[in-house]
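The whole structure should be built from the sequences, with the hints applied where relevant.
Letter by letter, the chains look like this.
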Amino acid sequence: MLESAFKGSKGYWVWLLALLAVIGVGFGFYLRQLTFGLGITGMSRDVSWGFYIAQFTFLVGVAASAVMLVIPYYLHDYKKFGRITVLGEFLAVSSVIMCLLFIIADLGQPMRLFNVLIHPTPSSMLFWDMVVLNGYLFLNIVIGWNVLDAERNSVPPPQWVKPLIYISIPWAISIHTVTAFLYCGLPGRGFWLTAILAPRFLASAFAAGPAFLIILAFIVRGFAKYDAGRDQIQTMAKIVTYGAIANVFFFLCEVFVAIYSQIPEHTAHLQYLFFGLHGHGVLVPWMWTSIFLMLAAITLLVIPAARQNEVVLGIACIAIFVGIWIDKGLGMISGGFIPNPLHHVREYVPTIPEIAITIAVYATGFLILTILYKVVVGVKQEVGE
Amino acid sequence: MKDKGKIIVGLVIFVAVFTFPFWYNHGAATQAPEPELTEKAKKADKCVEETAYMRKEHMQILDEWRDTVVRDGKRLYVNASGKEYMASLSNTCIDCHSNKEKFCDKCHDYASVDPYCWDCHTYPEEKE
Amino acid sequence: MDDTRRSFLKFAGISALGLGGISTLTSLMPGPATATKGASAPLYKDTNKALTAKRWGMVIDTRKLTPSLCEKMIDACHKAHNVPNHDNERHTIKWLWEDDFEHVFPMKHDEYLADRLDNLPILALCNQCNNPPCVQVCPTKATFQREDGIVMMDFHRCIGCRFCMAACPYGSRSFNFRDPRPAIEKENPDFPTRMKGVVEKCNFCAERLAEGKMPACVEVSEGALVFGDLEDPSSEIRKVLRENYAIRRKQNLGTNPSVYYII
Numbered sequence: 001m002l003e004s005a006f007k008g009s010k011g012y013w014v015w016l017l018a019l020l021a022v023i024g025v026g027f028g029f030y031l032r033q034l035t036f037g038l039g040i041t042g043m044s045r046d047v048s049w050g051f052y053i054a055q056f057t058f059l060v061g062v063a064a065s066a067v068m069l070v071i072p073y074y075l076h077d078y079k080k081f082g083r084i085t086v087l088g089e090f091l092a093v094s095s096v097i098m099c100l101l102f103i104i105a106d107l108g109q110p111m112r113l114f115n116v117l118i119h120p121t122p123s124s125m126l127f128w129d130m131v132v133l134n135g136y137l138f139l140n141i142v143i144g145w146n147v148l149d150a151e152r153n154s155v156p157p158p159q160w161v162k163p164l165i166y167i168s169i170p171w172a173i174s175i176h177t178v179t180a181f182l183y184c185g186l187p188g189r190g191f192w193l194t195a196i197l198a199p200r201f202l203a204s205a206f207a208a209g210p211a212f213l214i215i216l217a218f219i220v221r222g223f224a225k226y227d228a229g230r231d232q233i234q235t236m237a238k239i240v241t242y243g244a245i246a247n248v249f250f251f252l253c254e255v256f257v258a259i260y261s262q263i264p265e266h267t268a269h270l271q272y273l274f275f276g277l278h279g280h281g282v283l284v285p286w287m288w289t290s291i292f293l294m295l296a297a298i299t300l301l302v303i304p305a306a307r308q309n310e311v312v313l314g315i316a317c318i319a320i321f322v323g324i325w326i327d328k329g330l331g332m333i334s335g336g337f338i339p340n341p342l343h344h345v346r347e348y349v350p351t352i353p354e355i356a357i358t359i360a361v362y363a364t365g366f367l368i369l370t371i372l373y374k375v376v377v378g379v380k381q382e383v384g385e
Numbered sequence: 001m002k003d004k005g006k007i008i009v010g011l012v013i014f015v016a017v018f019t020f021p022f023w024y025n026h027g028a029a030t031q032a033p034e035p036e037l038t039e040k041a042k043k044a045d046k047c048v049e050e051t052a053y054m055r056k057e058h059m060q061i062l063d064e065w066r067d068t069v070v071r072d073g074k075r076l077y078v079n080a081s082g083k084e085y086m087a088s089l090s091n092t093c094i095d096c097h098s099n100k101e102k103f104c105d106k107c108h109d110y111a112s113v114d115p116y117c118w119d120c121h122t123y124p125e126e127k128e
Numbered sequence: 001m002d003d004t005r006r007s008f009l010k011f012a013g014i015s016a017l018g019l020g021g022i023s024t025l026t027s028l029m030p031g032p033a034t035a036t037k038g039a040s041a042p043l044y045k046d047t048n049k050a051l052t053a054k055r056w057g058m059v060i061d062t063r064k065l066t067p068s069l070c071e072k073m074i075d076a077c078h079k080a081h082n083v084p085n086h087d088n089e090r091h092t093i094k095w096l097w098e099d100d101f102e103h104v105f106p107m108k109h110d111e112y113l114a115d116r117l118d119n120l121p122i123l124a125l126c127n128q129c130n131n132p133p134c135v136q137v138c139p140t141k142a143t144f145q146r147e148d149g150i151v152m153m154d155f156h157r158c159i160g161c162r163f164c165m166a167a168c169p170y171g172s173r174s175f176n177f178r179d180p181r182p183a184i185e186k187e188n189p190d191f192p193t194r195m196k197g198v199v200e201k202c203n204f205c206a207e208r209l210a211e212g213k214m215p216a217c218v219e220v221s222e223g224a225l226v227f228g229d230l231e232d233p234s235s236e237i238r239k240v241l242r243e244n245y246a247i248r249r250k251q252n253l254g255t256n257p258s259v260y261y262i263i
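Protein chains in written order, with the working numbering: chain A, 1 to 385; chain B, 1 to 128; chain C, 1 to 263.
FYI, nobody ran anything at the bench for these hints, they're computed from the structure. The reader is advised that the hints may include incorrect statements.
Derived pair list, reagent style EDC-like, types lysine to aspartate or glutamate, alpha-carbon separation capped at 16 Å [stated by the list, open to error]:
1) K7/A <-> E382/A
2) K74/B <-> D148/C
3) K79/C <-> D154/C
4) K45/C <-> D95/B
5) K238/A <-> E254/A
6) K45/C <-> E34/B
7) K74/B <-> E147/C
8) K102/B <-> E34/B
9) K40/B <-> D119/B
10) K45/C <-> E84/B
11) K141/C <-> D67/B
12) K141/C <-> D72/B
13) K74/B <-> D46/C
14) K49/C <-> E84/B
15) K108/C <-> D149/A
16) K83/B <-> D46/C
17) K106/B <-> D45/B
18) K74/B <-> E211/C
19) K213/C <-> E187/C
20) K162/A <-> D149/A
21) K83/B <-> D45/B
22) K54/C <-> D72/B
23) K46/B <-> E84/B
24) K43/B <-> D105/B
25) K74/B <-> E84/B
26) K56/B <-> E34/B
27) K72/C <-> E211/C
28) K45/C <-> D45/B
29) K74/B <-> E222/C
30) K79/C <-> E185/C
31) K45/C <-> D61/C
To be clear about the criterion: a stretch of chain A counts as covered by chain C if any three or more of its residues have a C-beta under 8 Å from a C-beta of chain C, and this derived list gives those stretches [stated by the list, open to error]:
32) 4-16
33) 88-101
34) 156-162
A short, non-exhaustive set of chain A residues, derived as facing chain C with CB atoms under 8 Å [unchecked claim]:
35) G24
36) F36
37) G37
38) L38
39) H119
40) T121
This structure is a prediction, so every number in the text was calculated from the model and none was measured. Note that beta-carbon positions come from the ideal geometry of N, C-alpha and C, so glycine has one too.
Spelled out as structure tokens, the structure:
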């Protein structure tokens, strides 16, 4: 099947080369990071996790959201999703690979990565995150590839794939739950110390992931002449709507608990993010933009006429994706570190090398995604769907 | 097999690239270096274990030392013949082998290994 | 042809996975260490002059603290442990430092604080918690708790994930964002420096205790610091704690710090 990835239009090759160029630039910065250390980033003693870990958190959500296509198709027998389920699974594959790359980019001693296997520590949530992420990657590659291969040969997928598909459903939930547990089990970090963090992560994932898939479906339709289908896109739009509303609801629950209880350890972080603290507030405009984008997108999505207009839907999906990216990719991690445990406010701003490495990891993900989607579209066109 | 030509060219390039290190170094082979001992080391006659054993296993001993010292807090090493040594690279090893370049580096360079001991532990030169 | 290649690749992939998994499983299982040496197996022992305790602890008597004394203690600590002094504030590394009362005790922010505490520098360091969150989260056991209660760093093993820094509720950990050596004024050859990419913190001078010496800060503290065995009722530290009311940092978090402050 992979052979169709080697046959493409000029545009396809230009796109791949452009991605490779971006990866090359980022890799150059990464070599610099390897020799100098993580000091080339904006991280500090007080904000000890930054952009890399934030992107990792966001992308675990995108990966987990594939389950929102798997559940309707396999559990509710919603046959129409047969056209796109594999797109979701392959999006999960490339997202998990990006997650793993971000973890490696964030390590101070990446050469010692395998110490996690040599000295396994079940009390550490990072150990479990490694287990569930690699397992999820494996599941999605095996499932996606076999289902697609069967489709190409016009036979039903092998029987042994079925149990893997069922396992992949709770497994998808687990990857984002364990990722939330990285943060919400830490004493003394009031912003994350909330039982609703995992549900909130999942809700935002189930909005951002399918929103991104809708955007991808539009792109695939435009460039590869493969139509995911109007009904399919509309069903996904409803999933996005539910996810986005649940996300905002959970967020407001958090705000209520913090603001009404007025416990300083909990309010200080929200105050920093939305109003600034002790004269520091680089994230304030971003956070309000995120709120505005989320609310505006929800307004558009809940109106059937607006949702059914694909231009409006595209705009709403971009708004959801960007809004949640700001929330998780910018605010969630540094917001938890500011103010620090001694109630000093030391801000965090990513540096140019850090951003270049981040973009390169995203480019790697898009490279893998492009190749996988090329294969999918090749197969779908071959069987004449 | 209409792509025979391409396949053969590909294979030739692959083999050439894969064996590059061998023919690049061809004829450049040098005698295995002999590490030089300081007067103090010569006088001691024997390291913490037999010389042959140390040659082969010093890295294992050092790896074990760092674990027992740091993790178990046990800082004394009693060797096979009952003699006691402080399990310390910076203090015990370097006390005799205070000529890093001629002792450690000589073989490490030859074997192309780059242990990062000296990123943290003090160089023998700096002790003087 | 295609089939054999495919099954070979599958087999190779599964074997590789299996090998990785087995090494993890074997290390999860307890078993004898495989080591063969000389004639008989060598032994490891404590040095006989080592100071030992069931649980090391410290009392900081803030009544005796002065700015110059704090500076002296910090200096002794940082010199003994080759703690670098980086120009860039983001790369700061500190084992022992001073801060205002309201920052060392952010949960005890009183509206009407005794004048004495207003400008008094309070020492902060790793609390050597008896229930350390940093140890719980470390994915490689690079940070671990010794039997005498000291929470130690194994710099050889740290992968630099900084999970422990997120877990520490006291901001006691620092990360080597760059090579520390150029920023060390005068290297102490008796203690290793660190390399870039690992986390470090106060170790209650485990290396000095092994030689029978008190921690570096305690030695120069002029009585402001009392160090000893918290589980020995006849120790001096217990006597001091019996006679004075002392508080601990954020004890409501359940970390059970081993550092007490007499206010």
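These are the hints, each one checked on the structure:
1. K7/A <-> E382/A: 14 Å, holds
2. K74/B <-> D148/C: Satisfied, since the Cα-Cα distance of roughly 13 Å is no more than 16 Å.
3. K79/C <-> D154/C: Violated, because 20 Å separates the two Cα atoms, which is more than 16 Å.
4. K45/C <-> D95/B: 21 Å, violated
5. K238/A <-> E254/A: 24 Å, violated
6. K45/C <-> E34/B: 33 Å, violated
7. K74/B <-> E147/C: The hint holds at about 12 Å.
8. K102/B <-> E34/B: The hint holds at about 9 Å.
9. K40/B <-> D119/B: 25 Å, violated
10. K45/C <-> E84/B: 9 Å, holds
11. K141/C <-> D67/B: This hinted pair holds, its Cα atoms lying about 12 Å apart.
12. K141/C <-> D72/B: With a Cα-Cα distance of about 13 Å, the restraint between K141/C and D72/B holds, given a limit of 16 Å.
13. K74/B <-> D46/C: The hint holds at about 5 Å.
14. K49/C <-> E84/B: Roughly 14 Å separates the two Cα atoms, so the pair holds.
15. K108/C <-> D149/A: The given pair, whose Cα atoms are some 64 Å apart, is violated under the 16 Å limit.
16. K83/B <-> D46/C: 14 Å, holds
17. K106/B <-> D45/B: With a Cα-Cα distance of about 20 Å, the restraint between K106/B and D45/B is violated, given a limit of 16 Å.
18. K74/B <-> E211/C: 12 Å, holds
19. K213/C <-> E187/C: Violated: K213/C and E187/C sit about 20 Å apart, past 16 Å.
20. K162/A <-> D149/A: At roughly 15 Å apart (the allowed maximum being 16 Å), D149/A and K162/A satisfy the hint.
21. K83/B <-> D45/B: 14 Å, holds
22. K54/C <-> D72/B: 15 Å, holds
23. K46/B <-> E84/B: 13 Å, holds
24. K43/B <-> D105/B: 22 Å, violated
25. K74/B <-> E84/B: Holds: K74/B and E84/B sit about 12 Å apart, inside 16 Å.
26. K56/B <-> E34/B: 14 Å, holds
27. K72/C <-> E211/C: Violated: K72/C and E211/C sit about 22 Å apart, past 16 Å.
28. K45/C <-> D45/B: Between K45/C and D45/B the Cα gap is close to 24 Å, so the pair fails against 16 Å, i.e. violated.
29. K74/B <-> E222/C: Not OK: K74/B and E222/C at ~31 Å, beyond 16 Å, violated.
30. K79/C <-> E185/C: Status holds; Cα separation ~9 Å.
31. K45/C <-> D61/C: Not OK: K45/C and D61/C at ~35 Å, beyond 16 Å, violated.
32. 4-16: violated (count 0)
33. 88-101: violated (count 0)
34. 156-162: violated (count 0)
35. G24: At 24 Å from the nearest chain C Cβ, G24/A fails the 8 Å test, so the hint is violated.
36. F36: 6 Å, holds
37. G37: 4 Å, holds
38. L38: 5 Å, holds
39. H119: Cβ of H119/A sits 5 Å from chain C, so the hint holds.
40. T121: 5 Å, holds
Consistency note: the structure conflicts with the earlier hints numbered 3, 4, 5, 6, 9, 15, 17, 19, 24, 27, 28, 29, 31, 32, 33, 34, 35.
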